[in-house]
Amino acid sequence: MNSKIIGRIGIYAFLAVSTAFFLIPVYIMVTTSLKGMPEIREGNIFALPLDPNFSAWFKAWSSACIGMACDGIRGGFGNSLKIMVPSVILSVALSSLNGYALALWNVRRAELMLGLLMAGAFIPYQVLLYPLVIMTRTLGIYGTLPGIIAIHVLFGLPVLTLIFRNFYASLPTEIMKAARVDGAGFMQIYWRIMLPMSPSILVVAVILQVTGIWNDYLLGLIFAGRDNLPMTAQLNNLVNSTFGEKEYNVNMAATILTAATPLLVYLASGRYFVRGITSGAVKG
Amino acid sequence: MLSFRAKLPALVTITLTTVAAIGIMLVAISWTGVISFTKTQLIPRYEFVGFTQYVRLFDTERFHVAFSNLFIYGGCFISITLAFGFLLAIMIDQRIRAESLFRTIFLYPLSMSFIVTGLAWQWFMNPTLGLQKFVRDLGFADFSFDWLINPDKAIYAIVIAAVWQSSGLVMAILLAGLRGIDRDIWKATAIDGIPAWRTYLSIVLPMLRPMVMTCVVLLAMAVVKAYDLVVALTRGGPGNASDLPAKFVIDLTFERANIGMASAAAVMLLMTTIAVVAPYVAYSFHKLRR
Amino acid sequence: MKYPARFLTGLCVISVSLAASAAPKEMTADVVHWWTSGSEAKSISVIAKAFEARGGGWKDSAVVGGSAARASAVNRIMGGDAPAAIQWNLGVDLLNLADQGMLASMDTVARDGKWSAVLPKLITDKLSSEGHIIAAPITVHADNWMFYNTKVFQQLGLTPPKTWEGFLADAPKIKAAGITPIALGGQPWQERVFFNSVLVGVAGKDAYRKLFVEKNAEYAKSEPVVKALKTFKDLKAFVDEGSPGRNWNDATNMVITGKAAVQFMGDWAKGEFVAAGMTAGKEYGCAMAPGNQDAYILVVDTFAFPKNGGDKPTKAQVELANTIMDPQVQLALAKVKGSIPARTDVDLSSMDQCAQLGRTVLSKPENQLPNFAMALSGDMMGAVHDALTKFWNDKSIDATAASNLIANAIRQSR
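Residue numbers (this note's numbering), protein chains in the order written: chain W, 3 to 286; chain Y, -7 to 282; chain P, 1073 to 1486.
Since the hints were made in silico from the structure, they are not lab data.
Hints may contain errors.
[As the list claims (entries may be wrong)] Here are the simulated EDC-like cross-link-like pairs (lysine to aspartate or glutamate), alpha carbons at most 20 Å apart as the crow flies:
id	chain 1	residue 1	chain 2	residue 2
1	P	K1114	W	E247
2	P	K1186	P	D1197
3	P	K1384	P	D1171
4	P	K1308	Y	D144
5	P	K1467	Y	D138
6	Y	K125	W	E113
7	Y	K125	P	D1424
8	P	K1331	Y	D129
9	P	K1379	P	E1202
10	Y	K(-1)	W	E113
11	P	K1186	P	D1322
12	P	K1293	Y	E53
13	P	K1247	Y	D134
None of these values were measured; they are calculated from a predicted model.
Same shape as in the complex, but just chain W:
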C-alpha cells in the first residue's frame, strides 16, 4: 500500500511542477503589468506587486505610443475584429458548402481534389507569399481589408473543406436519397437538411478560424495594409518601439490584452476547441 501512496505523491508532484511550467510566463506578465516602473526596476520579476493597479493596462490600451500615434493598441483590437468577423463568416460558409458538394454530389475527381486540398494545407506560406502579393496588387486589393480577408479565406479553405467534407461524408446516405426523391435541389438540401444537422461541426470550424485568424501575425503584417494592422502586429511594434526607458508593465499589459480574445474563446468553448485544432490534422 505504501508504494501506492508514494506513486500518488509522485503523480501530483509531476503535475504541480508541470503546472508551474505552464503558468510561469502568465504569472510574470500579470504581476509585472500590475506594477509601477520603480518597482520593476528595483524588485525581482517573481515578486508580487506591492501596490497593484491597472494604470499600465489603460496606457497599453489607449495611450501607449507606436511612432507618432499614441493611441495604444485599441486600434489593433478593432482592426483584428474587422478582419476576423468577415473572414470567419466567409471561409466557414464557403467551406461548408464546398465540403457538402464534394461529399454528397458524386462529383468526378473529388478524391483528387481532396488530395490536393490536403497538400494545400501543408504548404508553407513562404512559397506563396510573393506571387500572392503581386496577384492582390493586380486586383487592387493589396493592403486593404478585402485583401487580407481574401487571403484568410484562401488559406482557411483547404482545412475547413476537409473538416466539413468528412462530416457530411459520415452521414447516412439515405438522407440524401430521400431528399432527392422529394425533388429538392442543391441549395434546398443544404439549407433545410444539412445545415440544421451541423451545428457542432460549425462551432468547431468557427473556433478554429477565430483563434487562427486572431493569432495570425505574418499575413496581417503583409496583406492588411497599415490602416488595418491586426493586434498581433501592433503588439510587436509596441513592444519594439521605446521612448527612453522600456516600460515592461505596459508591454506586458498589451500582451495580455492581445491574448485575451482567444483565451476567452478557449475558456468558453471547452472541448470544441480541442476538436477544432485536431481536425486541422486532416483526419483521413
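Assemble chains Y and P onto chain W, guided by the hints.
Then chains Y and P, alone, in the frame of chain W:
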C-alpha cells in the same frame, strides 16, 4: 443517377472554391519556381539566369544555419513535445482530483498566438531581467541561464517556448486515445506482473499509433511554418544563430528586396516539406479512396 | 472611389491619424517613415507641424524598423496605394527606386528653391537620377560618433578614448567598477555601425573606401582589415550580456542612466540625450569614435516622393518638399534629432558643440565617407550584415575566417 442539371450548382460551388483555391496555389507555387530562376530583385524581372540563385544560396552561410536549425528545432520540438505530452496524458489518466482544472491549465497556451508566446518567454529568459537575474539576486552569483543570448543555445530557447505552447495539444489527443483503450488490459498485465511503465511503452503506445501520427503531423506543420515565434523571441539572433528558413525567406523578400534568391530558398523549403509530409498525405489519400 | 476599403475603414483612420482631418484632401500627405524612438518622433512632428502650418494635412504612417518601413513603402507603391512621401536614406536603393520609375521628379521644386546652391556637392550628386532630382534631403548624420557619460569617466579618473588601443586599456577599469563599458544594441546594423568605426580607426579611411566603396572583396583578407576585425572582437568582452536584440535607443538609455560608459552610434543617439534633458559637454560628451577624428561616415535622411498619378509631384508633395527644405525647419529638426541640417547655409551658432564639431569634420571633402545605405545595395548590405553578425556572435569564428565571410558576402552580391 444525378443528372447534370441537378449537379450543376454543386459543380459551380466546387469550381468557385476548391478549384479556384487549388488553382491559385498551383499558380503561385509555379510562379515562385519561375522567379527562382531569374534575376528578380525588387520587382519581377524575367531575365533567366539558370541555377545562379541556388548556387548563391548554397554558398550562403545563413542559409545553412537556417536549414540546420530547422532540423534541430523540428527534432527537439517534436520529440520533447510528444514525450512530455504523453507523460501529462498518462498522469491525468490516473483518476486524479481536479482533472479538468489541470487539463485547462495544460491546454491554455494553445490558444495564444506565437507572438504572445514569444514575448512571454523572452521576458522570462532575458538574462538581465528574468530567471538568471532572479537567482543571482538570491545570492547565487555564478548561476547562468543565458540561452536567449548564447548563439549555441538560442535555438533551444525557441524549443522551450514551442514545447510550452504545444504540449497540451499532444496531451489532449493522447488522453482521448487512452480513454478509448479497454481497461481490461490493465487487469491482464497486472496478473502477468508486467510493470505499468512497460505496459505503457510496449502495449498502450502502439495502440495509440494513429493519434501519435496526428500529433506528429500537427507539430511538423507548426515547425515548417515557424516564423512568428522566432520574430518575437529572438528575432533570429544573436546574430543569425536562431534563424529558420521561414524567416530567412521573409527577410530576403521583404527587407532585402532580393526576391530571386528568396524564391530559391522558398522552393528549398517546399521540397523539405514535401519530403517530410508526402508519406502522410499519400497514406491519408489512400485511405480516403477506400 | 478607387479603394472601397478606405471607405469602410474611414472610422478607424480618423481615430488613428493625427489632425489629418483639418486640411483639404489634395493637401493631405501620407508619410511612411521609421522615426519611432522618442527623439525621432519629436523630429517627425517638427516636420508635421510645419507642414500643417503651411496648410497641409499630415497622415502619419510610422513603421518600426528601417527595412520594414522601406518594404512597406515599396509594396504600397507597387500595389497602387503610393504614399505621398517616404523617408529614405540617400543611396543606392533610393536611386534604384528612381530608375524603376517609381519616384516623381522634383526638378521644378528644386530649381525654384535653388537647392543646388545650398546643398553639399556629394549630396546633390547622389540626389539625381538621369538628370532628375528625386528627393528632398533634410538632415545629415554620421555613423561614427561616440557618446559617453561624463560622470562615469570623471569618477574613474579616465579620459574619453582617442584610439581603440587606448579604449581597450581603459575598458577593464570601467568594467571593474561595475559599469558596462560599451552600450551596444545587438542588432546587425548596429554591430555594423560599431564595426565601421573600428575599421576606420584601426585600418584607416582608405581601407573603408577600398572595401565598401570600391567593393574590393579580396581586400577583406588584407592585413589591416583582419587587424580591425581582431580589435572588434576584442571589444566584445566589454559589452553586457543583455545586448542581443536590444534597440539602439535602449542602449543610449544605458549611457544616459550611467549603467554604461559609452555608446558608439550615429548622432541620432544625441537626440535621446537631448530628450532626456542633458547638455552636451556637461552630463554627456560627444566626439568622433576613437581614431575617427578626421572621418565622417555620412548618412543623409531624405524624403522621396512616389508618383501619385503622374510624373509631376502633387500639390501636397510640392508643399511638403518646400517644408522639408525650409532652413528653419531643418534647424529645428536638427536640434531635436541630433543631426546637422542638410543645407549648408543654416547658421549653427545656436546649436551645441557636437553639431559644431560635426560640421567642422564634414566640411573637408577628404573626410567624407559614404555610409552603407549610400554605398551598398540593400542586398550587399544584408550579406555583409550576416557575415559581421555571425563573426560578432559566434565564439568559434576568428578574424581570418571572418575576413573570408566578408569577402564572400561582397563577391556574391556585387
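Okay, the hints, checked on the actual structure:
A C-alpha spacing of about 16 Å is found between K1114 (chain P) and E247 (chain W), which places the hinted pair at or below 20 Å, so the restraint holds. Proximity of K1186 (chain P) to D1197 (chain P) is assessed by CA-CA distance (about 15 Å); at most 20 Å being required, the pair is judged to hold. Simply put, K1384 (chain P) and D1171 (chain P) have alpha-carbon atoms about 16 Å apart, close enough for the 20 Å limit, and the pair holds. A C-alpha spacing of about 17 Å is found between K1308 (chain P) and D144 (chain Y), which places the hinted pair at or below 20 Å, so the restraint holds.
Taking the CA atoms of K1467 (chain P) and D138 (chain Y), the gap is about 15 Å. The hint holds against a cut of 20 Å. Distance check on the hinted pair: K125 (chain Y) and E113 (chain W) sit about 57 Å apart at the alpha-carbon level, beyond 20 Å; violated. Annotation: proposed proximity of K125 (chain Y) to D1424 (chain P) is violated, straight-line Cα distance about 39 Å (limit 20 Å). For a cut-off of 20 Å, the pair hint linking K1331 (chain P) to D129 (chain Y) stands: about 17 Å separates their Cα positions.
With a C-alpha separation of about 16 Å, the suggested pairing of K1379 (chain P) with E1202 (chain P) holds against the 20 Å cut-off. The hinted pair formed by K(-1) (chain Y) and E113 (chain W) meets the criterion: a straight-line CA distance of about 17 Å does not exceed 20 Å. Distance restraint check for K1186 (chain P) and D1322 (chain P): the Cα-Cα separation of roughly 40 Å exceeds the 20 Å cut-off, and the hinted pair is therefore not satisfied. For the hint pairing K1293 (chain P) with E53 (chain Y), the CA-to-CA distance comes to about 18 Å; that is within 20 Å, so the pair holds.
Distance hint between K1247 (chain P) and D134 (chain Y) is fulfilled; the C-alpha atoms sit about 17 Å from each other, no more than 20 Å.
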